[in-house]
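> Residues per chain are reported as follows:
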Amino acid sequence: MKQIKKIKLKNFKRFRDSEINFHEEKNILIGDNEAGKSTILTAIELVLSGSKNKVESIGLESIFNTDIVKEFLTGEKKESDLPTLHVEVFLNEQENPDLNGRNNSDGTISDGIKLVCEPIEELGSEIREILNQDESNFPFEYYSVNFTTFSGEAYSGYRKFLKHLSIDSSQINSEYATREYIKTVYESLAKQNQRIKLRNEYRLQKSKFVEENLEKINKDIDKYQFSVKTGNKSNLETDLTITEDYIALENRGKGRQCFIKTEFALTRSGDGQGIDTLLLEEPENHLSHTNMKKLISRISNSEAKQIFIATHNSLISTRLDLRNTILLNSNSTSPISLEALPEDTAKFFIKAPDNNILEFILSSKVILVEGDAEYILMGALYESVTSRTLENDDVHIISVGGTSFKRYLDLAKLLNIRVAVIRDNDGDYEANCAQNYNGYLDDNINIFYEEDNEKSTFEICFYEDNKGICDELFLPGRKTLTALEHMLKNKADCAFELLDKKSDKLNPPTYLSRAIEWINE
Amino acid sequence: MDKRVVLAVAGSGKTSHIINKIDESSRALIVTYTENNYKNIKSRIMDKVGFIPAGVRVHTYFNFIYSFCLKPLLGNKIKSKGINWDMPLSFTLKLNRNDPKFYLDGHNRLYHNRIAKLLDQYGVMHEVSERVEKYFDLVCFDEVQDFGGHDFNFICKLSPNIESLLLVGDFFQHTFDTSRDGNVNSNIHKNLDTYTQKLTQAGYTLDTELLSHSYRCSPTTCSFVSESTGIKIQSHRDDETKIQLVQSAKLADEIFYDENIVKLFFKDSKRYCGFTENWGATKGLDCYSDVCIVLNPTTLQHYKKNKLNELAPQTKNKFYVACTRAKRNIFLVPESLYRHHKQ
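Chains as they are written, first to last, in our numbering: chain A, 1 to 521; chain B, 1 to 343.
No wet-lab data here; the hints were simulated from the structure.
A few of these clues could be false.
Under the rule of at most 25 Å between Cα atoms (straight-line distance), these lysine-lysine pairs were calculated in the DSS-like manner [said to hold, decoys possible]:
id	chain 1	residue 1	chain 2	residue 2
1	A	Lys219	A	Lys229
2	B	Lys134	A	Lys6
3	A	Lys114	B	Lys134
4	B	Lys81	A	Lys114
5	B	Lys42	A	Lys160
6	B	Lys117	B	Lys101
Partner residues aside, some chain B positions facing chain A, computed with beta carbon under 8 Å [what the hints assert, rightly or not]:
id	residue
7	Asn63
8	Ser67
9	Phe68
10	Lys71
11	Pro72
12	Leu73
13	Gly75
14	Tyr135
Beta carbons: idealized from backbone N, C-alpha and C, even for Gly.
The following block holds chain A by itself, in its conformation from the complex (with noise of 0.2 Å):
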């Protein structure tokens, strides 16, 4: 199984100077916008494919890092001191020495092949007189775009030495695109011989056809006779389609089309042979949520491939299990692998009901709450306390429903993320709040709770500080139960009606100014 390693990024897009390392199988790539994951999977398409054209037709401006194009433009522009950009894809043994070398920016004998982006040295003298120039002009058109192995032998689109396949679900109508596609699934498949084979045997094929069906056309016309078209743009592989039920592929539904080309991407034909690299752009696009599980139940299942996945998906990244998982920062260009997360968290969120967790991966202050009350109110409350609303100081609110708090505080730990977790006490607050987390707690991560067991629940709590409102929107038309019992058999709908009646009228219990209060220190 042919496999990347590690991506080495420099001056890419917004990588200056970039490693990652990455995962046998699956790599799901989640981060903000702009963070960088289509960026990387741009990447590796271009090293794979060998396409200087593809280089091209991006545009050496758009990939190169802008600060350091800028950095040089007003520095002292010295030709020597001229940037280079580079991407080298590091890949497991591939028992090629075509392949193998020194030729890399770590310098060991590893397998691998990159694209080099650098001034083309004989036009030295034209590149001065470009940079003598008064303006910004950067000499971008007397760059050179190579692709060689680590072996320092050069390659082109012709000789590719893994076989990859790019699914962007953005352009997942485009007529290019999945002409492209049904190109390499149909390359990945079919052996050389057998394509070459089928080749001749279509155009056999349409000249018979001229011959036994258009001659009767034919016959009666004179000096001119009607044909079909054969040659590049009309041979076995432009004609060819990928059907389902009989129905085209590029007749189907974008969240169909998306489907299928996943779907059949992952297939390996008896002898081994299919894609070796899958990259996804955000397969969640178009997809209904029963069918984005049934693709994730594909992707999960399959085997002796390589997949790369930028998404914004907590379904994709939890159920592909979150070890796979690397993080993208947009302030940072060094990113996390969630590789070191417990075994038993990882294996807990595949299972645990859909939820929020590229939310929480991603931001930097987090307070998590138990149930749905606490969610509703806590933007109310926290403006209460520091009369800024939680957009403006970045905080997050998570409910993680039941007490689940330590699966999250694994990823908090690993991700240096700010956590603040509200508890009731249910009854014995030494117990349940105070010992139970005792080897979470650092600088980042603290617990919040009632230390009087008799509240021990947020709505005892909330009752206890807000009699006056409480009492006046629920206690009207109760005949049995008083407004606290009330509360409590319907906890969100009361904190909706308090949310929607007396949002400016909260008073916090003090486990939550304090908390409210601690996630900003």
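Assemble the complex: chain A is given as a structure, and chain B must be docked to it using the hints.
Below, chain B alone, put in the same frame as chain A:
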């Protein structure tokens, strides 16, 4: 590991010996010295297996040492732009061996005869061995007699831990001096004994038996060569062929116009029209039946005095190559008889 040098005679089936070891599943490296032999080996493998097996690599020596050894291991240190096939200017011999100018010309091309030295100087010979070891079980250097200078040191120092490292060559077919550099190993081709001694010192087992008999040449040709030049060659055959010194101008002309007989000249064969070639250029060729060897004045004199063994080594070797092209008869024609054909 079997590290072996097999000294072969002309037409003894050197190439077949190598090809016999190759099959579909081989992990083998074959390095040739000449482009001709490279093509020949490739097509012989194609004939045998039907394609070049995935694990089999055939390289010419300089391609091997540049693309397989130097580029992968030193490519990030030495930014070279190809090979310079000219001999380096002599002043460079005075340069320090650590000076890149010793290896690279003004256009950053590497002097072909110093690539091996460069690998050694940068201390990557053990990595070359490891790299060879990683991809191959069998390594074979053909035409090893043409390795001189630093390149001879290269094959001495190469020691991958593999099944078999095989050198095959015919000492007396040494005709190229491409590898020379100053006085490095400049004397190894003067004497067979010192040559083989160097190889045995480098750990190679010497085998003079395996390929000591020629399939191509008859016993007649073999004893003529052995007795006249002192170069030992025996035959697998038992038929008799003719060796004739041509003295009549008429017969010489008949031979000259005979399109089935190749006329082999010491040099300048291009200046004679018809089916002609130079002695040295026929090395490796196996397509002649009757051969006419045109004797330049020096060779003729030595021949007449029965002192061919005293010819200059280069000339003697080329004469040996020419004689051993013949599957059948040899005609020896004094160059003077063809003077009127010269253009």
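> Please go over all the hints and tell whether each is borne out by the structure.
Consistency of the hints with the structure:
no., hint, verdict
1, Lys219(A) x Lys229(A), "19 Å, holds"
2, Lys134(B) x Lys6(A), "22 Å, holds"
3, Lys114(A) x Lys134(B), "22 Å, holds"
4, Lys81(B) x Lys114(A), "18 Å, holds"
5, Lys42(B) x Lys160(A), "24 Å, holds"
6, Lys117(B) x Lys101(B), "13 Å, holds"
7, Asn63, "12 Å, violated"
8, Ser67, "7 Å, holds"
9, Phe68, "7 Å, holds"
10, Lys71, "3 Å, holds"
11, Pro72, "3 Å, holds"
12, Leu73, "6 Å, holds"
13, Gly75, "4 Å, holds"
14, Tyr135, "5 Å, holds"
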